[in-house]
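Enquirer: One-letter residues, chain by chain:
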Amino acid sequence: MPTINVNGADIEVDEDGFIVDPDSWNEDVAKYFAAQEGIKELNDDHWKMINYLRDYYKQFQIAPMIRKLCKETGMSLKYVYELFPSGPAKGACKLAGLPKPTGCV
Amino acid sequence: MPTYKGMVQPIKAPDDVLRRLHLEPTPDDQKVEKALKYLDEMRKKFRSFTLAMETCVKCGLCAENCHTYLGTRDPNNIPTNRAELMRKIYRRYFTLEGRWFGKLVGAEDLNLDVIEQWYSYFYQCSECRRCAYTCPFGIDTCEVTMAARQILYWLGIVPKMHGEIGLAIEKVGNHTGLPKPGIVDTLEFLSEEIMDEFGVEVNFPVDKEGADILYVPSSADFLLNAYTLMGAGMFFTYIGANWTISSHMTEAGNFGLLFDQRFVLRHLFMRLVDAAQKLNVKKIVWGECGHGWRAWKMYLPTMTDIPIRWPIVHIHDEIAHYIRTNQLKLDPTKNDHPVTLHDPCNFVRCCSPGGPNGLIENLRTVIKASCADFREMTPNRDKNFCCGGGSGILFDDPEMYQRRIQLSSKKAEQVRATGVGKDGNGILCAPCSICKAQLYPMVEEHELGVEVKGLVDLLGRALVWK
Numbered sequence: 001m002p003t004i005n006v007n008g009a010d011i012e013v014d015e016d017g018f019i020v021d022p023d024s025w026n027e028d029v030a031k032y033f034a035a036q037e038g039i040k041e042l043n044d045d046h047w048k049m050i051n052y053l054r055d056y057y058k059q060f061q062i063a064p065m066i067r068k069l070c071k072e073t074g075m076s077l078k079y080v081y082e083l084f085p086s087g088p089a090k091g092a093c094k095l096a097g098l099p100k101p102t103g104c105v
Numbered sequence: 001m002p003t004y005k006g007m008v009q010p011i012k013a014p015d016d017v018l019r020r021l022h023l024e025p026t027p028d029d030q031k032v033e034k035a036l037k038y039l040d041e042m043r044k045k046f047r048s049f050t051l052a053m054e055t056c057v058k059c060g061l062c063a064e065n066c067h068t069y070l071g072t073r074d075p076n077n078i079p080t081n082r083a084e085l086m087r088k089i090y091r092r093y094f095t096l097e098g099r100w101f102g103k104l105v106g107a108e109d110l111n112l113d114v115i116e117q118w119y120s121y122f123y124q125c126s127e128c129r130r131c132a133y134t135c136p137f138g139i140d141t142c143e144v145t146m147a148a149r150q151i152l153y154w155l156g157i158v159p160k161m162h163g164e165i166g167l168a169i170e171k172v173g174n175h176t177g178l179p180k181p182g183i184v185d186t187l188e189f190l191s192e193e194i195m196d197e198f199g200v201e202v203n204f205p206v207d208k209e210g211a212d213i214l215y216v217p218s219s220a221d222f223l224l225n226a227y228t229l230m231g232a233g234m235f236f237t238y239i240g241a242n243w244t245i246s247s248h249m250t251e252a253g254n255f256g257l258l259f260d261q262r263f264v265l266r267h268l269f270m271r272l273v274d275a276a277q278k279l280n281v282k283k284i285v286w287g288e289c290g291h292g293w294r295a296w297k298m299y300l301p302t303m304t305d306i307p308i309r310w311p312i313v314h315i316h317d318e319i320a321h322y323i324r325t326n327q328l329k330l331d332p333t334k335n336d337h338p339v340t341l342h343d344p345c346n347f348v349r350c351c352s353p354g355g356p357n358g359l360i361e362n363l364r365t366v367i368k369a370s371c372a373d374f375r376e377m378t379p380n381r382d383k384n385f386c387c388g389g390g391s392g393i394l395f396d397d398p399e400m401y402q403r404r405i406q407l408s409s410k411k412a413e414q415v416r417a418t419g420v421g422k423d424g425n426g427i428l429c430a431p432c433s434i435c436k437a438q439l440y441p442m443v444e445e446h447e448l449g450v451e452v453k454g455l456v457d458l459l460g461r462a463l464v465w466k
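Going line by line, the protein sequences match chains L and R.
Numbering-wise (UniProt numbering), the first sequence opens with residue 1 and increments by one.
Numbering-wise (UniProt numbering), the second sequence opens with residue 1 and increments by one.
If you are wondering where the hints come from, they were derived from the structure by calculation, not from laboratory data.
Mixed in with the good hints, there may be bad ones.
[Claimed, not checked] Chain R side only, calculated, beta carbon under 7 angstroms to chain L, not exhaustive:
| hint | residue |
| --- | --- |
| 1 | Ile-11 |
| 2 | Ser-219 |
| 3 | Ser-433 |
| 4 | Ala-437 |
[Said to hold, decoys possible] Below 30 angstroms or equal to it, Euclidean Cα-Cα: the simulated DSSO-like pairs (lysine-lysine) are:
| hint | chain 1 | residue 1 | chain 2 | residue 2 |
| --- | --- | --- | --- | --- |
| 5 | L | Lys-78 | R | Lys-410 |
| 6 | R | Lys-171 | R | Lys-103 |
| 7 | R | Lys-44 | L | Lys-71 |
| 8 | R | Lys-180 | R | Lys-283 |
[Stated by the list, open to error] With beta-carbon atoms standing in for the labels, derived distance ranges:
| hint | chain 1 | residue 1 | chain 2 | residue 2 | range |
| --- | --- | --- | --- | --- | --- |
| 9 | R | His-22 | L | Met-1 | 36 to 46 angstroms |
| 10 | R | Gly-355 | L | Ile-4 | 48 to 58 angstroms |
| 11 | R | Lys-171 | L | Lys-78 | 25 to 35 angstroms |
| 12 | R | Asp-40 | L | Lys-78 | 27 to 37 angstroms |
| 13 | R | Asn-76 | L | Met-1 | 24 to 34 angstroms |
| 14 | L | Lys-78 | R | Pro-307 | 47 to 57 angstroms |
| 15 | L | Pro-85 | R | Gln-327 | 29 to 39 angstroms |
| 16 | L | Lys-78 | R | Lys-383 | 48 to 58 angstroms |
C-beta atoms are modelled at their ideal positions from N, C-alpha and C, and glycine is treated no differently.
This is chain L alone, in the form it adopts within the complex:
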């Protein structure tokens, strides 16, 4: 299994670069992925989205519907793409330490 090194700690990631164990996530992991994604600095809206996704996942063991995510964070899909250039699933979920969404998505 591949790993990434975040501040000296080895964290397991899958072949798509998503972390394997959501519990191994910390804020530094989000910052590490942000740098990979070409996001210069994580601002308040980035964190708002990341925390929303983490809370939702903790409660429901799945990422929320895109429409719900936009509505509950008050962000348009276009703005989510501005924040996370790879989009809500492959960008925001990755930074939030969620597994990569599977299926016809």
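The hints should help you fit chain R onto chain L, whose structure is shown.
Expert: This is chain R only, laid out in the frame that chain L set:
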């Protein structure tokens, strides 16, 4: 980087995924021997496959009829050449002339490079069957792709995406890994959304015992295609149906069809039978999904091996019936943007969809009654081209993503020719979850000026409530 000797390949499932699918990966030094054993099994079992191995005369008619070849211009993506990757091995080991004369008759020894070539090219074929439709001998190259993917899977070679979907199917009974709490929360959210937007009270009953209708939506609808689920809920509410969604089997698709037509395919079938039995429903209505409809309609009876006592109907057929019998009041001006229809390959070339009340015409019955400005694309119906994502080619690593853009170029050309996106406000109706997942990003890549929607989405919006 997912390429092998210059060939593009999807990221492979790692060994632990295979083991969780109850499959032991085959070591390299045993792959050739095992592949030949599995190929032997395929040729003995499937006459359609043997026909493809024995019959082709290389007339080349399939070339210009394959969106994969048209988009990539890679000679190995000409359907007959792709099949030849398997045929040359078949010839070498299972025909007299191949055993005696080898390369002179186009036979070739199997080695690891050929197996990697199979993985690259059989995962660029969309299994859309357009080549089968045009072949003068009726060779169905889709059957070759299916056999090749099965052999590869048994060898332990499968895309990570497909393998992980297999795991999700086993764990929760759908492709996206949706557990019941997520299903219920999403449906409650959609009830609120329908109330906000349409002012109608729509409830989505989950696991309701004694419901008449079990509706099986695509699990992708819970993440991406909100209006498809909303439209279905609105339709069932409108007709006063006693209906439910099962949290045990929440998947209109069946990726088993696309990589493992045994264990994985059967797993969802058995879940459906369990769910229908437990909820004691009278009828099953199928959601918007192309390959899934093919799987359920064409494979379910033989795979479950028991008489199926529930009628299984497609939601588009069901809606068309209600339109034909004047039971729905629809206002097409509610969808007044220019609309064109992408016919999912698995609807129009795989499921006996002909005739005036068949699925092909039913799609049109629904779209014409729901939209004010509908324009057919050309070619259409059973001659339509694939979206380029067919058979789950939805890989998003940079190399495969580029390939997906090429695979959708024929579709882009078709959409452009309709003119629906000329003013940037067109709608491309693609009533299938794989088509939607492929086309959402592809209409942007090709700058088509259209928004992608399902058919039930448009129907829901056009309903006139009393």
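Enquirer: Output the numbers, in ascending order, of every earlier hint that fails for this structure.
Expert: The structure breaks hints 6, 7, 9, 12, 15 and 16; every other hint is satisfied.
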